[in-house]
Structures are given as structure tokens and as C-alpha cells.
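Chemist: Listed below are the residues making up each chain.
Number of protein chains: 2
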Amino acid sequence: MTAYEQFEQHIAELNDILNSISVLKWDARTNMPSGGAATRGNQLATLSRIAQEHFVSDKTAQFLDAAEAEVASENKDSYRVRAVQQTRQYFELVKHIPVEVTSKRATLAPISEQVWSEAKQNNDFASFAPYLQQMLDLSKEQAEAVGYTGHPFDALVFEYEPSATAASLKVLFDDLKAGLLPLLKKIVANDKPLEKDLWQHEYALDKQKSFGWEMAQKIGYDTQRGRLDIAPHPFEISFTRNDVRITTRYNLNYLPMALFGTLHETGHALYEQGVDPSLTRTALTTDFLGQYPVGGTSYGAHESQSRLWENQIGRSREFWEVHFDRLRQIFPEQMADADPDLMYRSVNRVKPSLIRVEADEVTYNLHIMLRTEIEMGLLDGGLKVTDLPEIWNAKMEEYLGVTPPNDSKGVLQDVHWSGGGFGSFPGYTVGNVMSAQFLKAAHEQVTGLDASLGHGDYMPLLGWLQSNVYRHGRAYSANELLQRSTGTELHVKPYLEYLETKFSELYGLS
Amino acid sequence: MTAYEQFEQHIAELNDILNSISVLKWDARTNMPSGGAATRGNQLATLSRIAQEHFVSDKTAQFLDAAEAEVASENKDSYRVRAVQQTRQYFELVKHIPVEVTSKRATLAPISEQVWSEAKQNNDFASFAPYLQQMLDLSKEQAEAVGYTGHPFDALVFEYEPSATAASLKVLFDDLKAGLLPLLKKIVANDKPLEKDLWQHEYALDKQKSFGWEMAQKIGYDTQRGRLDIAPHPFEISFTRNDVRITTRYNLNYLPMALFGTLHETGHALYEQGVDPSLTRTALTTDFLGQYPVGGTSYGAHESQSRLWENQIGRSREFWEVHFDRLRQIFPEQMADADPDLMYRSVNRVKPSLIRVEADEVTYNLHIMLRTEIEMGLLDGGLKVTDLPEIWNAKMEEYLGVTPPNDSKGVLQDVHWSGGGFGSFPGYTVGNVMSAQFLKAAHEQVTGLDASLGHGDYMPLLGWLQSNVYRHGRAYSANELLQRSTGTELHVKPYLEYLETKFSELYGLS
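Read top to bottom, the protein sequences are chains H and P.
Numbered per this note's numbering, the first sequence finishes at 543, counting up by one with no gaps.
Numbered per this note's numbering, the second sequence finishes at 543, counting up by one with no gaps.
Calculated from the structure, these hints are not laboratory results.
Hints may contain errors.
Treat identical chains as interchangeable: a pair holds within one or across any two.
[Unchecked claim] The calculated lysine to any residue pairs, modelled on SDA-like cross-linking and capped at a C-alpha distance of 25 angstroms, are:
| hint | residue 1 | residue 2 |
| --- | --- | --- |
| 1 | K242 | G68 |
| 2 | K137 | Q42 |
| 3 | K137 | E38 |
| 4 | K417 | R121 |
| 5 | K251 | M65 |
| 6 | K251 | A36 |
| 7 | K251 | G68 |
| 8 | K535 | A105 |
| 9 | K535 | H266 |
| 10 | K58 | Q257 |
| 11 | K242 | R62 |
| 12 | K58 | P310 |
| 13 | K92 | S136 |
| 14 | K137 | Q39 |
| 15 | K137 | E41 |
| 16 | K92 | G74 |
| 17 | K219 | V104 |
| 18 | K242 | A264 |
| 19 | K173 | L141 |
| 20 | K417 | D372 |
| 21 | K203 | A237 |
| 22 | K92 | V132 |
| 23 | K535 | V355 |
| 24 | K242 | L261 |
| 25 | K417 | E366 |
| 26 | K92 | A78 |
| 27 | K417 | P289 |
Work out the full structure: start from the sequences and follow the hints.
Modeler: This is the structure we're talking about:
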């Protein structure tokens with residue numbers, strides 16, 4: 034074996050261990066009987082420790098050095114060079130995170146999440162505050178250890194969105210706000226109820242499932258390499274490109290929950306299923322930090338695909354012109370008086386509301402900005418943990434014009450902070466912005482794309498995304514992907530244009 | 034930490050890895066999309082290698098030495114002493130198996146199984162013979178390396194049934210044959226068709242499942258620590274006593290397939306769920322060889338429980354007197370003209386037949402004897418691989434009075450040999466024999482057991498089995514369990530008495 038092959042074999046084994054952990058997690062969230070939780074925790078802890086020992090080892094250091102030497106003169110954009118680079122980058126990162134921080138967080142996180150869950154139930158922020166403080170202190174310690182040039186947030190966001198910094202996000206958010214806030218204001222002023230409420234009917238679960246499964250396949254999900262299950266907190270997860278699973282949850286009245294949840298997770302799955310087969314079990318499909326089962330290059334890049342397929346395709350007028358008849362075939366009574374136009378308008382209602390995960394396309398990013406601004410304040414000392422409920426409510430009023438009646442529906446709504454996930458939120462907005470850039474470029478580069486989408490043929494779009502985004506796995510950063518495929522860096526214009534065009538038409542704005 | 038605690042921690046991690054492997058296997062057999070097979074193979078191979086390295090390590094040797102010293106003066110029957118003993122026993126065994134044999138078998142087994150599968154489909158023993166020969170040679174090599182005093186079979190059967198030897202099995206089989214063959218002859222002579230064929234109806238899958246699930250719970254399956262799924266080759270598997278899963282397969286006409294399959298696997302599950310909680314993640318619930326997810330002490334001990342609950346309880350007259358009404362409630366049309374007596378007779382038909390897994394209680398063990406006798410002959414050189422079809426058919430004629438029309442329904446029917454599983458078959462018969470010894474002892478020791486079984490109250494029996502068998506995990510050998518709970522060694526009398534009483538009544542024998 035050459036040095037590179039030895040390196041590759043060593044990483045392939047790490048990939049196997051991390052994917053095995055993902056199987057255990059998938060099972061825990063979909064199938065595991067309640068009694069199994071504690072010993073599943075032991076199994077996950079042991080495998081995670083083994084994965085970490087395998088990665089942060091003298092062997093890795095040695096294989097890396099030798100592989101670097103072997104590929105030194107090769108094309109800088111080649112997968113081999115990128116595989117070595119990625120491994121080096123995370124090897125150095127993990128080496129710099131103090132072992133005490135990792136182990137303290139591992140021990141504290143489940144307790145903190147439990148306390149958060151109870152605090153949310155009891156609307157009791159004060160009981161959660163000390164745990165949040167501890168998780169925050171650990172993240173601060175990590176940021177200092179890893180180092181940063183600008184804002185401490187930079188060191189944390191790197192784990193989720195390597196191309197982003199506090200400064201770049203501030204620009205992105207200001208640009209977005211400048212477009213979103215006036216648009217939202219006009220929509221709210223022009224809002225009137227729809228003539229019919231399609232969500233007063235009941236939609237049987239098995240029929241919802243079969244329609245969602247059919248639509249997932251329409252947009253290109255390969256069911257020989259995937260499956261759909263139920264989970265209370267839906268997610269996509271992969272154990273190599275050959276086994277990429279999605280989950281959704283069902284509301285018997287509110288049809289959009291499961292359907293768009295399925296399309297959203299299918300978008301993630303298309304990314305993972307579309308990775309070049311030669312990258313299987315390589316560094317370029319290995320999530321070294323083992324925090325999130327992501328085969329793609331960043332949270333944002335991944336979210337760009339879930340959002341694109343869910344919203345820009347699934348919530349488009351063309352989609353419902355093609356697929357409404359099939360929906361009515363499955364739900365003839367419920368859809369008796371409906372038509373594609375009513376369906377389109379029903380799945381695109383805009384309403385400033387309290388809860389992020391229920392937000393529409395226009396208000397969603399305002400929820401993200403609020404969280405990110407708060408995180409930055411906590412990390413640079415501008416904000417204190419005890420200030421959070423007050424600042425949260427003030428920002429909700431400022432951005433969305435609504436005030437949470439209590440902390441459960443306010444600052445306590447998301448799980449992320451309780452586990453120390455500072456830096457993960459911006460990926461959602463980066464993803465939204467990227468999705469429009471990709472779609473615009475696809476329209477420019479693929480002849481007849483409008484026509485094929487109008488006929489419900491998604492293969493030309495999937496093909497473009499596959500060859501420009503999916504196949505590269507983690508070989509190129511989010512910014513590199515944008516540069517290579519669209520010729521530009523991350524910027525908000527296509528996304529704002531998309532929202533303005535779509536919602537101006539929907540709400541009759543001038 | 035004391036030396037014992039260090040030892041315990043080290044084994045707990047091995048237990049975690051082996052149980053993680055079991056989760057991956059369960060998933061592969063129940064949920065995995067077909068595309069995932071190859072990379073799941075990589076994941077299993079990597080985890081298996083890690084498990085082996087963890088076990089056969091200097092650390093294990095060192096912890097074992099220290100733990101042995103610490104427990105040297107403790108009670109020889111204590112769990113601590115037994116945990117150390119078990120670990121030592123398997124540590125020495127695995128150390129003696131040449132690495133080349135293990136790796137050759139690991140490489141060859143999947144290919145050999147594939148060839149067997151095709152040979153079975155095409156009725157082509159000749160194509161399988163060279164692979165069978167290679168698997169046999171590896172097993173012979175292993176037997177020589179591990180060593181034995183009597184027959185080479187002894188070295189192999191040890192992995193499945195540590196208390197058994199070729200000599201002890203010969204006695205057991207002769208005793209059994211002396212009772213079974215005359216009984217079978219009388220049954221065949223007295224056989225006449227039932228007045229109605231209950232299996233001409235159709236039984237909806239979901240209703241079959243709900244009845245089976247209900248019966249599993251009646252006999253004591255804890256659903257908070259288990260679940261029931263579909264699998265083409267049904268099995269029970271556990272990832273500690275807190276997560277013990279069963280599977281079954283459904284035939285829409287032949288109700289007994291899924292129902293007794295469910296009760297059979299539930300019997301296995303009751304064993305695993307009943308292990309003392311203090312043994313969780315210890316050597317006494319660790320299957321060091323990683324061949325079979327068995328938390329119990331041997332194949333036979335485990336099978337004694339699946340057989341007991343499936344046959345001696347599930348196929349008893351009392352069971353159907355209690356539960357037939359419920360079955361008729363679920364299948365009112367199909368069971369309209371039936372009654373408990375017809376149901377009892379319908380699920381206890383005896384008929385010499387070609388296929389082991391479809392055999393009734395009386396003929397089942399004859400299938401096992403035939404296989405075991407052939408294995409012994411192959412191992413001591415008395416038989417050649419090329420002789421197998423002929424000797425198989427001759428023995429089928431001798432024991433069962435039927436001759437396979439082709440090798441697919443003869444010597445090629447079982448997967449075991451293709452993977453090198455020589456020595457595993459006797460466990461089925463040992464289990465049958467043990468089951469009757471246990472049940473007899475329970476009747477002698479539990480006051481009013483007849484009455485409680487007659488009322489469908491299985492808790493007194495479960496309690497006796499739990500406290501005499503299940504709770505000990507792998508602490509005592511099958512023979513020790515029998516000695517401690519019944520006062521005798523393995524012997525066939527209770528089992529033959531059970532069969533003779535039951536089938537004499539059923540077939541009106543004098």
C-alpha cells in the first residue's frame with residue numbers, strides 16, 4: 034500500500050465507526066423501546082470514545098504526514114489533496130480542543146438538556162440559566178483554546194459553517210433585513226384570510242405517507258438506498274451514500290407538516306445520495322467532529338438543499354399545477370372544492386409567529402438572526418445569560434412584531450443551546466441564501482429548466498445540483514462550491530428577489 | 034478502582050461494542066435498504082475487528098490476572114468469580130484459534146453462503162461441495178488447534194454447548210431415538226385427517242400481528258424493553274436486557290407460522306429480559322465469540338426456553354382453552370365453526386417431512402440427530418463431503434421414512450454448514466430435552482402451577498424460570514443450571530414422557 038492508501042484505509046475505519054454510531058442514533062430515535070435508553074447511551078459513549086481515539090492518534094498523525102508528502106505535487110483541487118487537507122484541518126482543530134472541555138461537555142450536555150426540557154415545560158428560565166451559563170463557559174473556553182482573529186463566535190461557527198465569521202454574518206444579516214423587513218410589513222398590511230381552510234379536514238396518516246413517499250421519489254430520492262420513518266423530531270441521516278434515511282412527523286389535519294417535512298429531509302437525502310461513489314468511506318464523506326451526521330460540506334450547504342427542494346420546488350405554483358390532481362386522487366373528499374391555486378396559496382401563508390420551526394419563508398430568517406445576535410452577545414460579553422428573556426422578547430417585537438406570552442414560547446423554545454450548540458443557527462440562513470444562488474445558476478446554465486420543472490421533470494435540476502454540489506461531498510467549502518458553480522460568493526440578492534417575486538404575486542403587492 | 038472494577042470496565046466496553054454490532058445486524062435484517070448491504074459489511078467488519086482487538090489484548094490479559102488474584106478467595110459460585118472464569122475460558126480459547134483460520138473463515142464464509150444459496154436454488158450440490166470442503170477443513174484445523182480429548186467434534190460443539198461432547202450426545206441421541214422412533218411409528222399408523230382445515234382461510238397480517246403481540250405479553254414479554262418486527266428468517270436479538278427484540282414472518286393462510294414463531298422468539302426474549310440487572314454489561318452477559326447474540330449460557334439453554342414457551346405452553350390444550358375465544362374475536366369468520374379442541378389438534382399435527390424448520394415436535398429431533406451424526410462423520414473422516422447427498426437421503430429414509438426428491442429439499446436445505454457452523458445443531462435437541470426437565474421441576478416446586486397455567490396465568494412459571502435460569506445469565510453452565518434447579522443432569526425421560534403423554538392422547542394411542 035502507498036502512504037495515501039494507508040491513510041485512506043485508516044480514515045475508512047473511522048468512517049465505519051462514525052456511521053455505526055449513526056445507525057445506533059437512528060435506531061434510538063425511531064425504533065428503540067424506551068427501556069433501552071440507558072444502555073444505548075453506554076454503547077454510544079464507548080463507540081464515540083473509540084472513534085475519538087482512532088482519530089486523535091499517533092497513527093493518524095503519521096499517516097497524515099506521509100499522505101501529505103505523497104500528494105504534495107498533485108492538483109490542489111483533486112479529491113486526494115482535499116481529503117488530506119480536510120483531515121489535517123480537523124485533526125489540528127480537535128487537537129486544540131482541551132480534553133477537559135470535551136469530557137465536561139459530554140457529561141454536562143445530557144443533564145443540561147434534561148433541565149432545559151423541564152424548564153420549557155414549566156416556563157422556568159431561572160432553573161435553566163445556571164446550566165446555560167456552564168455550557169456557555171465551556172464554549173468560551175473552547176473558542177479561546179482554538180483561537181480566532183475576529184470574534185470568539187468565529188471559532189465556534191467554524192464547526193458548522195467553516196466559511197462564515199461573525200463579521201461576514203453581520204453583513205449577510207444586514208443585507209437580508211434590509212429586504213425582508215419592508216417585504217414583511219407590506220405582506221402583513223395586505224393579508225386577508227383565504228376563502229377556504231383546507232386544514233380543517235382530516236388526512237389519514239397512511240395516505241399522507243404514500244403521497245409524501247411518491248413526491249420524494251418524483252424529485253429523485255432513490256428508495257433502494259433509503260427509507261422513510263416516523264420521528265418526533267424529524268431528521269435525515271446517512272450511513273454512506275448507499276443508505277440515506279429520512280423521517281417525518283404527521284399531523285392528521287395540517288397536511289403540510291409531514292409533506293414538506295418529507296420534502297425537506299429528501300432534499301438533505303438527495304445531497305448524501307448524490308455524493309460521488311469514489312468518496313464513499315473517505316475523508317470527504319467523514320464528519321470528523323461526529324456532531325451531526327452530515328456528509329455535505331457544511332450545515333448551510335446541506336440546508337440549501339433541504340430548503341431548495343422543500344420551498345423553491347415543493348411550495349412552487351408549478352409543483353402544485355403538476356401534482357395537485359394526484360393529491361386529490363388520494364384525498365378526493367378533502368380536496369373536492371380545492372384547486373392548484375388554492376393549494377399553492379394555502380401552503381405559502383405568511384404570518385409573524387413565535388416559533389421558529391413553524392415559521393414561513395419570509396419570517397424564518399428573522400428567527401435565526403435574533404438567535405445569532407444573542408449568541409454573539411453572550412460570547413463577547415455584551416449580553417448576560419440572565420438578560421436573555423428580556424432581550425429575546427424585545428428582538429421578537431422589533432423583528433416580528435410579536436411578543437412571547439412566556440419564556441416557553443420564547444427563549445426556551447429551542448434545544449440547541451442546552452447542548453452547547455453555539456454557532457449552529459446561522460447555517461439555516463446561509464442555506465436559504467445559497468439555495469437561491471444555486472437555483473438561479475441552474476436556470477442560467479440548464480436549457481429548458483423552466484419547462485421541465487413545469488412538467489414535473491426534476492431530473493435536469495437534480496443533475497445540475499448533483500454535478501455542481503452533491504458529488505463533491507466535503508471536497509470544497511460552501512464558498513468554493515458557490516464560486517465554482519455560480520461564479521459568485523455568498524450574497525443575498527437572488528434570495529431576496531425570489532421572495533419578493535413570489536410573495537408580491539401571492540399577496541398582490543405593488 | 035479495584036482490579037476487579039478495572040476488569041469489569043474493560044469488559045463493559047467489549048459488551049458495548051458487541052451489542053452495537055448486534056444493533057447493526059438487527060437493522061440489516063429488518064430495515065436496511067438493499068443498497069446499504071456492502072457498506073454495512075464494512076461497518077460490521079471494522080467493529081468486529083475492534084471487538085476482537087479489544088478482547089485479545091495485553092490489557093485483557095493484565096486485567097484478568099489482577100481480577101483473578103482479587104477474587105481468588107471468594108465463593109466459587111459468586112457472579113464475580115464466574116465472570117472472571119468465563120472471561121478466562123474464552124480468552125484462552127480465542128488465543129488458541131489461529132488468526133489465519135479466523136480470517137480465512139471470515140473471508141470465505143460470505144462467498145460460501147452465496148454459493149450455497151445458488152446451489153440450493155439450482156439443486157446443484159456439486160457446485161457447493163468444494164466450498165463446504167474448505168469450510169470443513171478450516172473447522173478441522175481449528176479443532177486441532179484448540180485441542181480435544183475425545184472426538185474433534187468436542188472442540189467445535191464447545192462454542193455452542195460447552196457442556197456437551199460427541200460421546201454425551203451419542204448417549205442422548207440413542208436414548209431419544211429409543212423413545213421417538215416407536216412413538217412416531219404408532220402416530221403414523223393412527224393418523225387420519227382432521228375434520229376441518231383451519232388453514233384454508235385467510236388471516237390478515239395486522240390481525241395476526243396483534244394477536245401474537247398480545248400472546249407475547251400474556252406470557253410475560255416486557256414491551257417497554259422490546260419490539261416485534263418482520264424478518265424473512267426470524268430471530269431474537271438483544272442489546273442488553275433493556276432492549277430485547279423479536280421478529281417473525283407471516284403466512285396469510287398458515288396462522289401457526291407467525292404465531293408460534295412469535296412465541297418461540299418470545300421464549301428467547303424472556304430469557305434475555307430476565308437476566309439479573311446487576312449482570313448488565315458484565316462478562317456474564319457477553320458473548321465473547323460474537324457469533325450469536327446470546328446472553329444465555331448456551332444454545333441449548335436458550336433453545337430450552339424458546340421451545341418451552343412455544344410448544345409446552347403455546348401448543349398445550351390449556352393454552353387454547355384460555356385463549357381461543359380471543360382468537361375467534363379477532364378472526365370471527367375464519368374461526369366460526371372451530372373450538373379450542375380443533376385448534377389444539379390443528380397446531381399439533383405430526384407428519385414426517387423433509388424440512389427441519391417445518392417439523393413437528395415428534396420428528397424435529399430426528400432432523401437434528403441426522404445432521405449431528407453427519408457432522409461427526411465429516412470431522413473424524415468417516416464421511417466424505419461427496420458422500421453427503423447419499424448418506425443424507427439414506428438417513429432420512431431410516432429415521433423419517435421419507436426420501437428427498439432432490440438435494441435442495443435434502444442436504445442443501447440449511448445455511449449452517451456453508452458458514453462453517455459445525456457443532457451448532459445439537460443445541461436444538463439439548464434445548465428440547467432441557468425444557469421438559471425444567472418444566473417438570475417447576476411443576477414439582479411451584480404450588481398450584483397446573484391451576485395457574487389453566488387460568489392463563491403464566492407469572493408463577495415465569496417467576497420460577499426467571500429465578501432458576503434466566504437471572505444467572507452465563508454464570509452457570511447448562512448442566513449446572515439443571516443440577517441446581519432440578520437436581521439432575523441432562524436426561525431424556527421427562528421430555529419423552531411429555532411427548533408420549535401428549536401425542537398418545539392426541540392420536541388415541543394405547
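Chemist: Does each hint hold? Answer for all of them.
Modeler: Structure-based check of each hint:
Taking identical chains as interchangeable, the C-alpha atoms of K242 and G68 lie at most 25 angstroms apart only when they sit on different chains, with a minimum of 22 angstroms there against 28 angstroms within one chain. Taking CA atoms no more than 25 angstroms apart as the test, K137 paired with Q42 passes between copies only; the shortest distance there is 20 angstroms, against 31 angstroms inside one copy. For the identical chains of this complex, K137 and E38 are inter-copy neighbours only, at 23 angstroms across copies versus 36 angstroms inside a copy, given an alpha-carbon limit of 25 angstroms. With identical chains, the CA atoms of K417 and R121 are never at most 25 angstroms apart, being 36 angstroms at best within one copy and 57 angstroms at best between copies.
For a Cα distance limit of 25 angstroms, the shortest separation of K251 from M65 across copies, 21 angstroms, qualifies, whereas the shortest one inside one copy, 31 angstroms, does not. In this assembly of identical chains, the alpha carbons of K251 and A36 never lie at most 25 angstroms apart, being 43 angstroms within a copy and 60 angstroms across copies at closest. Taking the shortest alpha-carbon separations for K251 and G68, only the inter-copy value of 19 angstroms comes in at or below 25 angstroms, while the best intra-copy value is 38 angstroms. Neither within a single protomer nor between protomers do K535 and A105 lie at most 25 angstroms apart by alpha-carbon distance, with minima of 49 angstroms and 79 angstroms respectively.
Taking the shortest Cα distances, K535 and H266 never come within 25 angstroms of each other, neither inside one copy (29 angstroms) nor across copies (53 angstroms). In the homo-oligomer, the alpha carbons of K58 and Q257 lie at most 25 angstroms apart both inside one protomer (21 angstroms) and across protomers (18 angstroms), since each shortest distance falls under that limit. Proximity of K242 and R62 under a CA criterion of 25 angstroms is satisfied in both settings, with 18 angstroms inside one chain copy and 23 angstroms between copies. With identical chains, the CA atoms of K58 and P310 are at most 25 angstroms apart both within one copy (24 angstroms) and between copies (24 angstroms).
In this assembly of identical chains, K92 and S136 lie within 25 angstroms of each other by CA distance both inside one copy and across copies; the values are 22 angstroms within and 23 angstroms between. Taking the shortest alpha-carbon separations for K137 and Q39, only the inter-copy value of 22 angstroms comes in at or below 25 angstroms, while the best intra-copy value is 33 angstroms. For the identical chains of this complex, K137 and E41 are inter-copy neighbours only, at 24 angstroms across copies versus 31 angstroms inside a copy, given an alpha-carbon limit of 25 angstroms. In the homo-oligomer, the alpha carbons of K92 and G74 lie at most 25 angstroms apart only across protomers (24 angstroms), although the nearest pairing inside one protomer, at 28 angstroms, exceeds that limit.
Taking the shortest Cα distances, K219 and V104 never come within 25 angstroms of each other, neither inside one copy (56 angstroms) nor across copies (79 angstroms). Proximity of K242 and A264 under a CA criterion of 25 angstroms is satisfied in both settings, with 13 angstroms inside one chain copy and 22 angstroms between copies. For the homomeric pair K173 and L141, the shortest alpha-carbon distance inside one copy (15 angstroms) is at most 25 angstroms, but the shortest distance between copies (53 angstroms) is not. For the homomeric pair K417 and D372, neither the shortest alpha-carbon distance inside one copy (51 angstroms) nor that between copies (74 angstroms) is at most 25 angstroms.
Taking the closest pair of Cα atoms, K203 and A237 never come within 25 angstroms of each other, the shortest separation being 45 angstroms inside a single copy and 60 angstroms across copies. Within a single copy, K92 and V132 get their C-alpha atoms as close as 19 angstroms, and across copies as close as 23 angstroms, so both meet the 25 angstroms cut-off. In this assembly of identical chains, the alpha carbons of K535 and V355 lie at most 25 angstroms apart only when taken from the same copy (18 angstroms versus 66 angstroms across copies). Taking identical chains as interchangeable, the C-alpha atoms of K242 and L261 lie at most 25 angstroms apart whether they share a chain (9 angstroms) or sit on different chains (21 angstroms).
For the identical chains of this complex, K417 and E366 are neighbours neither inside a copy (54 angstroms) nor across copies (70 angstroms), given an alpha-carbon limit of 25 angstroms. In the homo-oligomer, the alpha carbons of K92 and A78 lie at most 25 angstroms apart both inside one protomer (22 angstroms) and across protomers (20 angstroms), since each shortest distance falls under that limit. Neither within a single protomer nor between protomers do K417 and P289 lie at most 25 angstroms apart by alpha-carbon distance, with minima of 38 angstroms and 66 angstroms respectively.
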